[in-house]
Each structure stands twice: as structure tokens, then as C-alpha cells.
Amino acid sequence: RNLLNCAAKIIVNSAYMKSEFEKSYPSLAAKVKIIPNGLNVDLYSKSTSKPYINDPYIFYVGRIVEKKGVDLLVKAFYKLKDLGLKLIIEGTGEELDKIKDTAKKLGIEQQVIFTNGKLSTDEKISTMRNALFGVIPSRIEPFGIVALEFMATETPFIASKTGGLNDLLKDGETCLFFENGNIDDLASKMESMLNDRSLRESLSKNGKNEVQKYKWESISDKYLSCFNEIL
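In my numbering, the protein residues as written are 90 to 320.
The hints are simulated quantities; they were obtained by calculation from the structure and are not laboratory data. Beta carbons: idealized from backbone N, C-alpha and C, even for Gly. Mixed in with the good hints there might be a few duds.
Unchecked claim - Taking lysine to any residue and the SDA-like style, the derived pairs with C-alpha atoms no more than 25 Å apart in a straight line are:
no.	residue 1	residue 2
1	250	295
2	120	146
3	107	309
4	98	109
5	187	122
6	107	290
7	120	96
8	189	215
9	304	128
10	170	197
11	98	250
12	187	167
13	259	302
14	189	128
15	193	146
16	98	120
17	297	219
18	259	101
19	193	205
20	98	116
21	122	281
22	135	193
23	107	127
24	259	208
25	135	286
As the list claims (entries may be wrong) - Here are the computed distance ranges between Cβ atoms for each label pair:
no.	residue 1	residue 2	range
26	317	132	24 to 34 Å
27	281	182	23 to 33 Å
28	285	314	33 to 43 Å
29	90	294	44 to 54 Å
With the hints as extra help, turn the sequences into a complete structure.
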């Protein structure tokens, strides 16, 4: 609290985080400035690695913890188990064993592939780029850097309508939103994405254009402007 009181500016990465901060520190609201996270967009424009598998697949990448909602994704994927798809889950976390057990109990352990956080950056980019689409099933998400990564690799994706994702994305333009925590709605949106190639192509194109705003060159200018304002 002392550091916050002394700060000339307090930077947060989304309108959602600004709102959350002001609930705890309403007297400091005038100091808060939103500067979003950035991405090395050019890094994601190409890769030399092959995708992890050749079969049609859906991709998740991120920490495997409760708030990331990976269990929701696996249960929604179960509803599509007869469509000949695979689900690749890249990442580690305290719920990894639990999620593996869920897939086994649902009888889809052969269709859900866990890479256990072992993909290199280039392998991750290639696997992301070649997915039919990605999913961000988070229950809570302050910003959503993975959304920028999907857009930079021109990969259409479905995202939970929550937190910073709600600020960052536009439903039907840069992503498909599903109701936070709603497995049936997620499964429905996944099926819609699978059945509509033109939708996937539109989301991919729009995402590629949108992510240009988040190049570090642009984001760093926002920081410099903030510093100059203080000085």
C-alpha cells in the first residue's frame, strides 16, 4: 500500500484489472493507467518445426491449474469424441494428473494428447499454427497473452467470456466467445467452429490484423509516453 501511495502511475494490463484494482484501492483510481501486454508478433509468423501430429486437432496451451478451466475443455471435447479429432494439451501444472485422470474416466485418453510442457517455442508455434482451432477455457483471465499468440499464428480460437479476454476480443470477429464455465456452450461453439470453414478463415484474417496493435514497438511507445507524462 505504501508503494502504491507513493507511485506516480499504476499500470495494469486490462480494463478488467483496472476495475479489480479500484475495488481494493478506490482512492488511487486516478493513478491507474491501462497498457496492454505486448508480443513479438514476427516470431509467430513462421516456424521450422513440424506440427506435433498429422491428425486434425484442437489445441490448448497454458498452465494446467483450476482457474485455466482445462477440465471444462476436456469435458466439452468428450461431447465431440465421435468426430475423429484429437485434442493436444500443452503445459504443466498442479492439475495435470487430475486432467489426465478425467480423460481416462471419460474413455478419451487415446484422443487427448498431453505434451507435458515439453514443446520448444518453435514446436509450440508450429503446433498452434496447424491446429483446426484453439481454445482458451479460462474461468479467470486477467489479460490473455495466449489470445495474442493465436492471432499471431493466424489460428482461429474459442475463448471464455471473462476478465481481460472480454476487453481484448470481439465475439464473431477475432474469436468465438462461450459462456464462462458452461461446458455445453463450449461444446456447441467447438462444433460450430468445426463445421464452418469460412468462419475459421474470417477469424484467422481478423486476428492477424488485430494483433498488429500489440507489437512491442507499439506497446513500448505507450510506456515511454507514460514515463514522459510523469517526468
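How the hints compare with the structure:
no., hint, in the structure
1, 250 with 295, "18 Å, holds"
2, 120 with 146, "45 Å, violated"
3, 107 with 309, "19 Å, holds"
4, 98 with 109, "16 Å, holds"
5, 187 with 122, "39 Å, violated"
6, 107 with 290, "33 Å, violated"
7, 120 with 96, "8 Å, holds"
8, 189 with 215, "24 Å, holds"
9, 304 with 128, "5 Å, holds"
10, 170 with 197, "7 Å, holds"
11, 98 with 250, "29 Å, violated"
12, 187 with 167, "16 Å, holds"
13, 259 with 302, "14 Å, holds"
14, 189 with 128, "31 Å, violated"
15, 193 with 146, "18 Å, holds"
16, 98 with 120, "5 Å, holds"
17, 297 with 219, "15 Å, holds"
18, 259 with 101, "20 Å, holds"
19, 193 with 205, "16 Å, holds"
20, 98 with 116, "13 Å, holds"
21, 122 with 281, "37 Å, violated"
22, 135 with 193, "35 Å, violated"
23, 107 with 127, "17 Å, holds"
24, 259 with 208, "29 Å, violated"
25, 135 with 286, "22 Å, holds"
26, 317 with 132: 24 to 34 Å, "28 Å, holds"
27, 281 with 182: 23 to 33 Å, "28 Å, holds"
28, 285 with 314: 33 to 43 Å, "41 Å, holds"
29, 90 with 294: 44 to 54 Å, "46 Å, holds"
In this structure, the hints that do not hold are numbers 2, 5, 6, 11, 14, 21, 22, 24, in rising order.
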